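Participant: If you want the building blocks of each chain, they are given just below.
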Amino acid sequence: MISNFSSPSVSAGFSIALTCLGAAMLLLAATLPASAQSQAAADMFEKRCYSCHNIGGGDKKGPDLKGVTGRQRTAWLHEFIKSPAALNRKGDPAAADLFKKFAPEVMSDQDMTDEEITTLLTFIEDLSKKNEQFIPAGAKLSRPIAAGDSEAGLRLFTGKTALSGGGASCMACHNISGAGLLGGGTLGPDLTAANVKYRDPELISILQNPNFPTMNSVFATHPLNDEEIVQLFALFQNAKLANPAVPAPTAGPSIEPRFLLIGFAATVMAIACLNLLWRKRLRGVRLLIVRRRRQ
Amino acid sequence: MIDNLVFIILPYAAATLFVVVTIQRYVRKGFTYSSLSSQFLETRELFYGSVPWHIGILGAMFGHLIGFLFPSQVLWFNGVPARLYVLESTGLLFGLMCLVGIVSLIARRLTSPRIRAVTSKVDVLVLVLLFVQVALGVYVALFYRWGSSWYAASAVPYLRSLFALEPDLKMIAPLPLAVKLHIVNAFLLAAIFPFSRLVHMLVVPIHYLWRPYQLVVWNWNRRRLRGRAPWPKTETSGAVAPAGSEPAPSGRTIAAR
Chain W
1 MISNFSSPSV SAGFSIALTC LGAAMLLLAA TLPASAQSQA AADMFEKRCY SCHNIGGGDK
61 KGPDLKGVTG RQRTAWLHEF IKSPAALNRK GDPAAADLFK KFAPEVMSDQ DMTDEEITTL
121 LTFIEDLSKK NEQFIPAGAK LSRPIAAGDS EAGLRLFTGK TALSGGGASC MACHNISGAG
181 LLGGGTLGPD LTAANVKYRD PELISILQNP NFPTMNSVFA THPLNDEEIV QLFALFQNAK
241 LANPAVPAPT AGPSIEPRFL LIGFAATVMA IACLNLLWRK RLRGVRLLIV RRRRQ
Chain L
1001 MIDNLVFIIL PYAAATLFVV VTIQRYVRKG FTYSSLSSQF LETRELFYGS VPWHIGILGA
1061 MFGHLIGFLF PSQVLWFNGV PARLYVLEST GLLFGLMCLV GIVSLIARRL TSPRIRAVTS
1121 KVDVLVLVLL FVQVALGVYV ALFYRWGSSW YAASAVPYLR SLFALEPDLK MIAPLPLAVK
1181 LHIVNAFLLA AIFPFSRLVH MLVVPIHYLW RPYQLVVWNW NRRRLRGRAP WPKTETSGAV
1241 APAGSEPAPS GRTIAAR
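Protein sequence lines, in the order shown, are assigned to chains W and L.
FYI, the numbering for the first sequence is 1 to 295, going by our numbering.
FYI, the numbering for the second sequence is 1001 to 1257, going by our numbering.
It should be emphasised that the hints constitute simulated quantities derived from the structure, not laboratory data.
These numbers come from a predicted model, not from an experiment.
C-beta atoms are modelled at their ideal positions from N, C-alpha and C, and glycine is treated no differently.
Don't take every hint at face value.
Some chain L residues close to chain W (C-beta under 7 Å, calculated; not the full set) [what the hints assert, rightly or not]:
| id | residue |
| --- | --- |
| 1 | Leu1092 |
| 2 | Met1097 |
| 3 | Phe1143 |
| 4 | Ala1153 |
| 5 | Ser1161 |
| 6 | Phe1163 |
| 7 | Ala1164 |
| 8 | Pro1167 |
| 9 | Lys1170 |
| 10 | Leu1177 |
| 11 | Trp1210 |
| 12 | Pro1212 |
| 13 | Gln1214 |
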């Protein structure tokens, strides 16, 4: 950049001044990295790790990463982050323990470079040393919750209002109390008690960057907008309040008896109708012939 | 590694077999393109197995095809919970019809000695794979709801990536095991397709629906002949009667499809 400006057409004085300015900027850049890099690392942690991990805030879907650099070797951490399942398959005892402890959650392979992982681990180490807790800077609502947000959130949840990014509505995979007669989906967890399980910044951060294995691939290209995040957050805040009796979601898939009953009844009716429709099939002509032969 | 094997190599291997062997079999052994009907050997149980099976499988496969071709329209349709429930219940109905059908067909093949006599190893394999496929499909529909929506959002991008020759496993890697087995089993079915009775679906005589009526001419008066052979008895019984021999044709004509 500097060499571009210091072309012969520019006066010598100006050139020297620019060179000095450039040098000063370089010096500044050399002294800045600590905070700038840590900001970048914090952003990365918030976007890619915070859905499942805390630093100092306790276990979530995955373990609290406070002091993780003291617990494991750097090479091990790099290998694990890149492909947890591969390390587990190799029979690594530490990986096996983690898989066992956090089952059925399986951390997906992270498409990260060694530099990115190093930045991340340095950030975690720094925070752990300072005994600080990670607080996501970006996990804030764009505006305060207002009346009607929860209802609007439910419409987004069920899909009555389409998501602006074109993503599938929450109901495809999740249930929440009030989601309809047969409930919402069961591929993902029930979200009725989401605000009990997660603290507010955690929940907001998940809505911003849903970095769970099943969700990140779908929503990376179909993110929620700020307004949708406010409304869905309002819905999650209200869901448990409105239905305190709803039990905590159980792990593993479950069956909806009414859905099974509908399917069963429809099948019985369909087969009965077919029987009625074809009750004379293959009977009339052949029986007649057989009877005639016998006469 | 195993994911690459079953979700990248297997589908392309299956597709290659499907296309190459299907064409080769049609060209070389076109007359084997059949499900080798066993209706002649046993018809009653066949009817109660075959009809629900075929109604169910046509409906279920059509549903999968619609989701594959028009995923965003399916998501739009499912935007109203009542519509989602109707679609899901219809899908479950087709799945259960398949299940009733395939279980009847398996029972028939096991219990009827005549059918067992004409059963090949591939027939058994087809029945087993189809049963596994349907059972997994119904299980997924019941336990991992709502499949019509998440299939459109999650599995369809993977299937489309296969067709685009840029396989992308990101979307399906985290899906439950039952869903993955359903997908892998579908590839296996595609792979054995050209070696099995399944080829009959390529030569379904749907032109029967619009072809003209066929005239069946009965060349003798059956009523007069009752209890007698329609031709004079000769030494070589069963020989074709000479033209113009007794009895005279009655000229009865029956229009039949």
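Participant: Which earlier hints can't be squared with this structure?
Facilitator: Hints 5, 6, 7, 8, 10, 11, 12 and 13 are the ones this structure does not satisfy, whereas the remaining hints hold.
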